[in-house]
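Taken in sequence, the protein lines are chains A and B. For any residue, its number in my numbering is found by taking its place in the first sequence, counting from 1, and adding 137. For any residue, its number in my numbering is found by taking its place in the second sequence, counting from 1, and adding 137.
These are calculated hints, taken from the structure and not from any lab test. This structure is a prediction, so every number in the text was calculated from the model and none was measured. For glycine and all other residues, C-beta sits at the position ideal for the given N, C-alpha and C. Check each hint, because a few of them may be wrong.
Here are the simulated distance ranges between beta carbons [as the list claims (entries may be wrong)]: (1) A:S322 <-> B:P512: 43 to 53 angstroms; (2) B:Q407 <-> A:Y275: 39 to 49 angstroms; (3) A:P429 <-> B:Q407: 48 to 58 angstroms; (4) B:E250 <-> A:G415: 22 to 32 angstroms; (5) A:Y275 <-> B:T562: 18 to 28 angstroms; (6) B:I466 <-> A:R242: 56 to 66 angstroms; (7) A:E587 <-> B:P429: 36 to 46 angstroms.
There are 2 protein chains.
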Amino acid sequence: MLGARRLLGALRLCSSVSCPRPRATAKLRVRDALGVQDASGECVTVQGWIRSVRSQKEVLFLHVNDGSSLESLQVVADSSFDSRELAFGSSVQVQGQLVKSQSKRQNVELKAEKIEVVGTCEAKAFPIKYKERHPLEYLRQYPHLRCRTNALGSILRVRSEATAAIHSYFKDNGFMHIHTPVLTSNDCEGAGELFQVEPSSKIKVPEENFFDVPAFLTVSGQLHLEVMSGAFTQVFTFGPTFRAENSQSRRHLAEFYMVEAEVSFVESLQDLMQVMEGLFKATTEMVLSHCPEDVELCHQFIASGQKDRLEHMLKNNFLIISYAEAIEILKQASQNFTFTPKWGVDLQTEHEKYLVRHCGNIPVFVINYPSELKPFYMRENEDDPQNTVAAVDLLVPGVGELFGGSLREERYHVLEQRLARSGLTKAYQWYLDLRKFGSVPHGGFGMGFERYLQLLS
Amino acid sequence: MLGARRLLGALRLCSSVSCPRPRATAKLRVRDALGVQDASGECVTVQGWIRSVRSQKEVLFLHVNDGSSLESLQVVADSSFDSRELAFGSSVQVQGQLVKSQSKRQNVELKAEKIEVVGTCEAKAFPIKYKERHPLEYLRQYPHLRCRTNALGSILRVRSEATAAIHSYFKDNGFMHIHTPVLTSNDCEGAGELFQVEPSSKIKVPEENFFDVPAFLTVSGQLHLEVMSGAFTQVFTFGPTFRAENSQSRRHLAEFYMVEAEVSFVESLQDLMQVMEGLFKATTEMVLSHCPEDVELCHQFIASGQKDRLEHMLKNNFLIISYAEAIEILKQASQNFTFTPKWGVDLQTEHEKYLVRHCGNIPVFVINYPSELKPFYMRENEDDPQNTVAAVDLLVPGVGELFGGSLREERYHVLEQRLARSGLTKAYQWYLDLRKFGSVPHGGFGMGFERYLQLLS
Chain A
138 MLGARRLLGA
148 LRLCSSVSCP
158 RPRATAKLRV
168 RDALGVQDAS
178 GECVTVQGWI
188 RSVRSQKEVL
198 FLHVNDGSSL
208 ESLQVVADSS
218 FDSRELAFGS
228 SVQVQGQLVK
238 SQSKRQNVEL
248 KAEKIEVVGT
258 CEAKAFPIKY
268 KERHPLEYLR
278 QYPHLRCRTN
288 ALGSILRVRS
298 EATAAIHSYF
308 KDNGFMHIHT
318 PVLTSNDCEG
328 AGELFQVEPS
338 SKIKVPEENF
348 FDVPAFLTVS
358 GQLHLEVMSG
368 AFTQVFTFGP
378 TFRAENSQSR
388 RHLAEFYMVE
398 AEVSFVESLQ
408 DLMQVMEGLF
418 KATTEMVLSH
428 CPEDVELCHQ
438 FIASGQKDRL
448 EHMLKNNFLI
458 ISYAEAIEIL
468 KQASQNFTFT
478 PKWGVDLQTE
488 HEKYLVRHCG
498 NIPVFVINYP
508 SELKPFYMRE
518 NEDDPQNTVA
528 AVDLLVPGVG
538 ELFGGSLREE
548 RYHVLEQRLA
558 RSGLTKAYQW
568 YLDLRKFGSV
578 PHGGFGMGFE
588 RYLQLLS
Chain B
138 MLGARRLLGA
148 LRLCSSVSCP
158 RPRATAKLRV
168 RDALGVQDAS
178 GECVTVQGWI
188 RSVRSQKEVL
198 FLHVNDGSSL
208 ESLQVVADSS
218 FDSRELAFGS
228 SVQVQGQLVK
238 SQSKRQNVEL
248 KAEKIEVVGT
258 CEAKAFPIKY
268 KERHPLEYLR
278 QYPHLRCRTN
288 ALGSILRVRS
298 EATAAIHSYF
308 KDNGFMHIHT
318 PVLTSNDCEG
328 AGELFQVEPS
338 SKIKVPEENF
348 FDVPAFLTVS
358 GQLHLEVMSG
368 AFTQVFTFGP
378 TFRAENSQSR
388 RHLAEFYMVE
398 AEVSFVESLQ
408 DLMQVMEGLF
418 KATTEMVLSH
428 CPEDVELCHQ
438 FIASGQKDRL
448 EHMLKNNFLI
458 ISYAEAIEIL
468 KQASQNFTFT
478 PKWGVDLQTE
488 HEKYLVRHCG
498 NIPVFVINYP
508 SELKPFYMRE
518 NEDDPQNTVA
528 AVDLLVPGVG
538 ELFGGSLREE
548 RYHVLEQRLA
558 RSGLTKAYQW
568 YLDLRKFGSV
578 PHGGFGMGFE
588 RYLQLLS
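So that you can see chain A by itself, here it is in the shape it has in the complex (with noise of 0.2 angstroms):
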């Protein structure tokens, strides 16, 4: 933005209609072009790629895209212009007036002056088709071109905005950043399967091993994240994480990104509740005032009515449930299960979302898991004989579970004992230190990002 303004500021300088030459041009983005109000004949230069061509009689249409936005610049042609190269896919350098558009389907288009095609698209061999809407299967072949259809950018512009989201709410709210490390000696839940990694060279050190110790790649940062919360206070990772999850998708399921964060002080699972609704809230609404019509693009293809919905979920107070009670809900719900609700098993998709639409299709906190079900880490609620802990999940419309978080067991006998139950005290104590030099209530949770974006398109 501030980029536009700089570049609006420049256009001043060569505001007059008719342009002399030689002249200085500023060069624009598309989407900075397309957001000049009142445009009146401002001398340009647009670059990008051809999206499409229309030929009249004495006139020429372009639409021109650098995928700076899903919307593409009109570029209004003296049909002397027209020429073989100018095809859909071509790269092109358009300078020329800025003005207001005679048609009601945009705002400005550019009158070129000067039209040069920078690099030629052979149609015939190019595997995106001009009009067509190719099938994702289709474009998985072509990883290195698909960036090119509208679908898949703005698919990548809402992850690009999403990112800057949740990089600006835990900047704007005091969490500070780290870089947790990817490749790490620890396992942090014993739970997801793990990659192992080894230098690939042939010509090994003899008798010695690259690391220490066997090195492998994070499935969680959230135990370094908690040594920097006793620091630092509030604490966030985004990063790559990874499981060796044998499933059909496996290949998705290989590498994903997760958000994670970590707050010390906290007073109850309801302070970690606020944080994730804030940040859930947040980064939605920054990237539907951003990049609305890339979000839309998703949901008219993918999703239709998906907007309403994600209005609906930030309108709405998010609800909160405990275990018991979700258990209950299941229990009673006239659909047949193909797993059994019953005190003491995990919820399933199926469960999560049932759970889901029976609280109105409003994203939903389920609270207080048996212990049990959960990491030695999680703090115990003391309510025998039910045992739970404070866990918390998030569920939301369609998704299923997108945070899952816990308070951790700040207190030092507690923890000591659950390790030594899980035979883990030698390989944690360090873990247990934490919580013997000023240890403080604390609490955090992780939200899996690609999930996040399957819930926004």
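Given chain A, work out where chain B should sit, using these hints.
Below, chain B without anything else, positioned relative to chain A:
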């Protein structure tokens, strides 16, 4: 900052000097408390860890730090609050009135009305000692606790601030953020040693590999970014990269962070150098203005006089010399080099440092390297018999090479010939494809983030 403003709004609600009880107090980060101008008895709660205790006859002074800034908040309490538990390293919650400090050493202080020890700290067992400056080698034994020292705290705050500044620079300048894959099957330059990745599970699927092709950890996102720059014009990524170099300090080189950018429609190296210089200056200015005391601490302990050197770099335009000129300068140097400088040989660290000093300790771009020193994708300058490519390295004082970049060969036939000469035609067919469909002159660069941080501090 937004957070602070909101909190100060809340403060106004309870700004009477003597607060009636019970009452709501605003939770304030130490950084925000320290930033309050004209404090006049606002009721606040501050949480953090005790950094120092000074007990006088009638008054007790505590310094409380929550990691939001290097500086701690001074808490002044009646000596009746004194207890053995109020010790270095303990975590506390202090409620009281924020008042103008009598001392010149700080702007505000907190007149305590209630002090709660949240977690005690056993001084004897705590490896970090009060008022001691521990060497970094000592702290390396305590990776889970060292972030509670001033030195590590400052380093991590600078890192967090620089990360935010880099994201801001690119966003403000119309770059789209891309998550380039960490698991990949290509090795980009064929330069760095790779890490290979395999599931660690012993129960492997018989006669089947997890991945269809061998999977490595990325050494650079460049090729992926080039794909994206063909759709979005200006793109960047900022994430972990990996090199299995078997050097002495190998554990540190294994995983590092890189900022990489790719720009379409560039006219010359000049366009790229502008982005590099802009990124360097904007980021450095933001870090220096947002956490000056952290930068200063690093300089004080690690590299004195560095702040002046940084400001010298910010004030001056970076210089540009060609590789040919660099070799001439080195040949005429009075210094004896371990590696004799001559045309066709890569610049060594000793050469880089000499060149920077020769240029008055201003960062200097070295451009147009001999083709045989550089990878196949760099654009040929067509300057026989020199036969150089449009490569650029930015050398900076104290560090040597900070950025490396180039124009990429966008001409189909030139690239085709180079690939054929290297026997890479088959593997890089997709890369050649990018030059067939609307090819554009483009280029990009990478900056080693840890090296940048090294320069800062």
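* Using the Cβ atoms, figure out if Q407 of chain B sits within 39 to 49 angstroms of Y275 of chain A. => Taking Cβ atoms as reference, Q407 of chain B and Y275 of chain A lie about 40 angstroms apart, which means the hint holds.
* That 22 to 32 angstroms hint for E250 of chain B and G415 of chain A (C-beta), does it hold up? -> Cβ of E250 of chain B to Cβ of G415 of chain A: about 30 angstroms, so the range 22 to 32 angstroms holds.
* State, for the Cβ atoms of P429 of chain A and Q407 of chain B, whether the hinted interval 48 to 58 angstroms holds or is violated. => violated (37 angstroms)
* Pairwise beta carbon distance, E587 of chain A to P429 of chain B, judged against the given window 36 to 46 angstroms -> holds (39 angstroms)
* Starting from the hint 56 to 66 angstroms, judge whether the C-beta atoms of I466 of chain B and R242 of chain A obey it. => holds (59 angstroms)
* To do: Evaluate the given range 18 to 28 angstroms for the C-beta pair formed by Y275 of chain A and T562 of chain B.
  => Holds, at about 25 angstroms.
* To do: Given the range 43 to 53 angstroms, decide if the beta-carbon distance of S322 of chain A to P512 of chain B lies inside it.
  => Once the Cβ atoms are compared, 33 angstroms apart, the range 43 to 53 angstroms for P512 of chain B and S322 of chain A is violated.
Violated hints, listed in ascending order, are 1 and 3; each of the other numbered hints is respected by the structure.
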